[in-house]
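Engineer: Protein sequence lines, in the order shown, are assigned to chains P and C. My numbering numbers the first residue of the first sequence as 1 and each following residue consecutively. My numbering numbers the first residue of the second sequence as 1001 and each following residue consecutively.
Just so you know, these hints were derived from the structure itself, not from any lab. For glycine and all other residues, C-beta sits at the position ideal for the given N, C-alpha and C. Errors might be hidden in some of the hints.
[To be verified] Per the computed footprint, the stretches of chain C lying under chain P, defined by three or more beta-carbons under 8 Å from a beta-carbon of chain P, are: (1) 1057 to 1068; (2) 1164 to 1177; (3) 1217 to 1224; (4) 1309 to 1321.
[Stated by the list, open to error] Away from chain C, derived, C-beta distances all over 12 Å, residues of chain P: (5) F61; (6) T154; (7) G318.
[As the list claims (entries may be wrong)] If you anchor each label on the Cβ, the simulated ranges turn out as follows: (8) L55(P) / G1283(C): 24 to 32 Å; (9) R1222(C) / D360(P): 58 to 66 Å; (10) L1037(C) / A231(P): 32 to 40 Å; (11) R124(P) / A1113(C): 23 to 31 Å; (12) L1210(C) / V292(P): 26 to 34 Å; (13) R1046(C) / A299(P): 52 to 60 Å.
The residues making up each chain are set out below.
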Amino acid sequence: MKRRTLLATGASAAVAAAMGMPVRAEGHEPLKVGFIYIGPVGDGGWTYQHDQGRLAVEEHFGDAVETIYQENVPESADAERAITQMVLSGADLIFTTSFGYMDATNTVAGKFPDVKFEHATGYRRDHPNVSTYDARFYEGRAVIGHIAGKMTKTNKIGYIASFPIPEVIQGINSSFLHAKKVNPDVEMVVIWAYTWFDPAKEADAAKAMIEQGVDVILQHTDSTAPQAAAAEAGNVFTFGQASDMAAFKPSPRIASIIDNWNPYYIKRVQDVIDGTWESGHSWGGMAEGEVVIGEITDAVPADVKAEAEAMIAAITAGEYHPFTGPINKQDGTPFLAEGEVATDLQLVQMDFYLEGMLGDIPS
Amino acid sequence: MIRLEKRPQPSKVWTWATPVLAVVATMIFGGLMFALLGKDPVLAIRTIFYDPLFGEFSSYSRPQLLVKAGPLILIATGLAMGFRAGIWNIGAEGQYIIGAVFAASVGLAAYPAESVLIFPAMVIAGAVGGTLWAMIPAVLRVKFGTNEILVSLMLVYVAENILAYAALGPLRNPDGMGFPGSRNLSQYPSAANLDLIPGTGMHWGVVAALIAVIFGYILLSRHILGFQIRLAGQAPRAAAFSGVNPGRLVLICMGIAGALAGLAGMFEVAGPAGRISIDFNVGYGFTAIIVAFLGRLHPVGILLAGLLMALTYIGGEVAQLTLGLPVAAIQLFQGMLLFFLLAVDVLTNYSLRWSGREVA
Chain P
1 MKRRTLLATG ASAAVAAAMG MPVRAEGHEP LKVGFIYIGP VGDGGWTYQH
51 DQGRLAVEEH FGDAVETIYQ ENVPESADAE RAITQMVLSG ADLIFTTSFG
101 YMDATNTVAG KFPDVKFEHA TGYRRDHPNV STYDARFYEG RAVIGHIAGK
151 MTKTNKIGYI ASFPIPEVIQ GINSSFLHAK KVNPDVEMVV IWAYTWFDPA
201 KEADAAKAMI EQGVDVILQH TDSTAPQAAA AEAGNVFTFG QASDMAAFKP
251 SPRIASIIDN WNPYYIKRVQ DVIDGTWESG HSWGGMAEGE VVIGEITDAV
301 PADVKAEAEA MIAAITAGEY HPFTGPINKQ DGTPFLAEGE VATDLQLVQM
351 DFYLEGMLGD IPS
Chain C
1001 MIRLEKRPQP SKVWTWATPV LAVVATMIFG GLMFALLGKD PVLAIRTIFY
1051 DPLFGEFSSY SRPQLLVKAG PLILIATGLA MGFRAGIWNI GAEGQYIIGA
1101 VFAASVGLAA YPAESVLIFP AMVIAGAVGG TLWAMIPAVL RVKFGTNEIL
1151 VSLMLVYVAE NILAYAALGP LRNPDGMGFP GSRNLSQYPS AANLDLIPGT
1201 GMHWGVVAAL IAVIFGYILL SRHILGFQIR LAGQAPRAAA FSGVNPGRLV
1251 LICMGIAGAL AGLAGMFEVA GPAGRISIDF NVGYGFTAII VAFLGRLHPV
1301 GILLAGLLMA LTYIGGEVAQ LTLGLPVAAI QLFQGMLLFF LLAVDVLTNY
1351 SLRWSGREVA
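Using the sequences and the hints given, assemble the complete structure.
Structural biologist: Put into structure tokens, the structure is as follows:
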């Protein structure tokens, strides 16, 4: 951080304060882009990947853009203050990177119509200066589900789930569907952790699964604790979540599903610079480079790896949709007919398991 | 050599000077830490202590200080009563949670009806919830002699699980796409605890905190109960001889603390937080313990300490944002405050004596 500019802003701040004007800093040259993070930037998962996106923006735009961030912002009353303070300190575009910031983001957006807001994984756009964005993680889940189905010897796959919301349920269904395609005997054990990031809880969940005979673990939580638990148990495979989690290569981590926000963040910053930014919902996937499968290690047999790569290519090319009928719901009623592809609306409202899943979604 | 000599009476001067000294020491060592992190220490300290009050955006952050200090002062005032009497309620966080859950349940049960009675009913529910939760360790101590420190602390974790259950189950927003968390009470006019004068941060919880400070002051200095509380803390045997019923005192002190913590939870859930969610509690109940001691267990001291603590929170956030200080450094900085307070507290009870000619 350049101290010179900070002192200069300090001076202008004093002037504004003296005039008693509660206005936000104006007239700065570079576009100021802010990020609100749910976890620490060093969580090695979700927040880490968003921060990589921030760094990519800095690198791509150089001096034209200045970025600021605040980490560990609780999804409580503090979120609204953190976002407001970011606006006051001159941010022109703010990415709020957790579902729980939805109300706070929309409230602050209503007060500052000139600032653009981008809320990750949400669905509310109350004002024309709010956009939402998400990634088609279910595409990646299909690939790792396929690998998991091939790799399990006990035919038991574990899934550490976070919250029973459509995004998470899509992931469970997608991976189960593709595991079952290659291994009809497969069973999926789901544990709801009710957290996005809690190493202790995630480790407990992983250990409980391993004791139940699970030998492949998927996770929708962001810490590496399940990888560590699997490494300790031995003969258990895992997949990196959100970030590559490369430290656990080549085993237990045999592949990973990486959130790559870089292209989206760069595009949106460019839109603001060009004056072409508009409110909307973005849902990019493998084709847009937002969902990436990390290196599939040699612990995976070559033929399985080749199949996985073929699936990645097919999804990226738009030739294959992970939810293609015939698919039935858990209760046996039809979800998609032969050859029918799930619509985005069906996906964002998904609140049921697919046929063959055991247990219930908590409600 | 420096020698410590026990004072016959705790020093009146040092009682009030130590908190100031602790703040100064925190600034010095905190500044040193910021310097080691490669930040300008003077700028960092200024950002934390000065900017939220008089800086560029103080018109926004000053009201926020009240929002943050309100629950701290309310809870700490209640805790101080017990601490004075040697009753250690460490579980205000749990009482805060249960107060909020009770209050939110009443508010959500009434939704979407509009009535002036809903808000007062929620206030009562919050106080009742907090009191009931505090009564568990209180009754256990009176009846079975259990340790209220352990029981009240453990009940925080029970309360957190009840909170999670409420957010996922009975109180979940039916229109929330399956995500845990209740409806937003601050968007429900009859239940909303909004700023009394918009933009001031002055909501009912802050008003309640000020009333609690005044009543706490009167109670402790003018009322027979306050005398009994102080006596029980300073000389338990003398208290027993003068007819103080220790069991009754435990129930009263825990009850007051629980009620005030429950009220703080109620005002928070209906106002700034707006909703019951799994992460609803952010540690006010624990931070209030620091505030109570920083304020010398005196209501007026607590008022000042609560504002100071809120300042380090708000200033810490500003420092994160403008200087890029990591959140862990801010938390360490706040921890230093309690550490130095406890360390310099020795001066209240001991005096320093120089002896011999050795250089210290």
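Engineer: Evaluate each hint against the coordinates.
Structural biologist: Tested hints:
1. Counting residues of the segment 1057 to 1068 of chain C whose CB falls under 8 Å from any CB of chain P gives 7; the rule of at least 3 is met.
2. For a cut-off of 8 Å, the count of residues in the segment 1164 to 1177 of chain C with a CB near a CB of chain P stands at 3, and the three-residue condition holds.
3. By the rule of at least three residues with a Cβ nearer than 8 Å to a Cβ of chain P, the coverage given for the segment 1217 to 1224 of chain C is violated, with 0 such residues.
4. For the segment 1309 to 1321 of chain C, the stated coverage by chain P holds: 5 residues have a C-beta nearer than 8 Å to a C-beta of that chain, and at least 3 were required.
5. A cut-off of 12 Å between C-beta atoms confirms that F61(P) is not in contact with chain C; the least separation is 18 Å.
6. Here T154(P) stays apart from chain C, with its beta-carbon at least about 30 Å from theirs, past the 12 Å limit.
7. Non-interface status of G318(P) relative to chain C is upheld: no Cβ of that chain comes within 12 Å, the nearest being about 28 Å off.
8. A C-beta distance of roughly 31 Å is found between L55(P) and G1283(C), which places it inside the suggested range of 24 to 32 Å.
9. Taking the beta carbon of each, R1222(C) and D360(P) are about 60 Å apart, inside 58 to 66 Å as hinted.
10. The beta-carbon spacing between L1037(C) and A231(P), approximately 33 Å, falls within the hinted interval of 32 to 40 Å.
11. At roughly 25 Å, the beta carbons of R124(P) and A1113(C) sit within the given window of 23 to 31 Å.
12. The hinted window of 26 to 34 Å between L1210(C) and V292(P) is violated, with their beta carbons roughly 55 Å apart.
13. Between R1046(C) and A299(P) the CB atoms are about 54 Å apart, so this pair conforms to the stated range of 52 to 60 Å.
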